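Enquirer: Sequence:
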Amino acid sequence: MHLTINDGVYDVVVPGHERLSTTLRETLGLTGTKVACGRGECGACTVLLDGTPAYACMTLTAACRDRVITTIEGAGAARAGHALRDAFIAHDAVQCGFCTPGQIVAATALLTRNAHPTENDVVRAMSGNLCRCGTYPKIIRAVLAAAQQASDPGSV
Numbered sequence: 011m012h013l014t015i016n017d018g019v020y021d022v023v024v025p026g027h028e029r030l031s032t033t034l035r036e037t038l039g040l041t042g043t044k045v046a047c048g049r050g051e052c053g054a055c056t057v058l059l060d061g062t063p064a065y066a067c068m069t070l071t072a073a074c075r076d077r078v079i080t081t082i083e084g085a086g087a088a089r090a091g092h093a094l095r096d097a098f099i100a101h102d103a104v105q106c107g108f109c110t111p112g113q114i115v116a117a118t119a120l121l122t123r124n125a126h127p128t129e130n131d132v133v134r135a136m137s138g139n140l141c142r143c144g145t146y147p148k149i150i151r152a153v154l155a156a157a158q159q160a161s162d163p164g165s166v
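Read in order, the letters of the sequence shown correspond to residues 11 to 166 in my numbering.
No wet-lab data here; the hints were simulated from the structure.
Predicted, not measured: the structure shown is a model, and the values here were computed from it.
A hint or two may mislead.
Said to hold, decoys possible - List of simulated lysine to aspartate or glutamate pairs, DMTMM-like, C-alpha gap at most 20 Å:
#	residue 1	residue 2
1	Lys-148	Asp-102
2	Lys-148	Glu-129
3	Lys-148	Asp-76
Claimed, not checked - Simulated DEER-style distance windows between Cβ atoms:
#	residue 1	residue 2	range
4	Val-19	Gln-105	17 to 27 Å
5	Ser-161	Arg-49	29 to 39 Å
6	Val-23	Glu-129	42 to 52 Å
7	Asp-96	Asp-76	17 to 27 Å
Glycine included, every Cβ here is placed at the ideal spot set by N, Cα and C.
Just need the whole structure built from these sequences, with the hints factored in.
Expert: Here it is, written out as structure tokens:
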């Protein structure tokens, strides 16, 4: 089957029961997508399917045919990804870093559909991504700062 991932096309042969997280990490070597809970509760494995956040640990690879998949590798390469990365660093929103790829992918989806989110918009958009280190206030500030940077490139 053909998968469109981060603007590239990959040919893969996978069993019908294989999860997208396994295909990304083990077959394609895209290890930025993390797997923590493996049951769709933490958001560490968040990817975008046609621009919408989805848990790769709960998505069958076979269900991704004819869909556009964006992982942290692709989201990080986009302008919003750079702004988010810089803001996460500037606002100390990265502690252990394990949740960060999923957080940035979820925030990328938010900023793509809403360039000027409110704090409530950010909280709502990020609610499916857990941070075991508890850096939620810093994550929220980082996402808001990235939105501001996108509209005013001189700020972070």
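Enquirer: For a quick check of understanding: which of the numbered hints are violated here, in increasing order?
Expert: Of the numbered hints given earlier, those the structure breaks are 3, 4, 7, listed in rising order.
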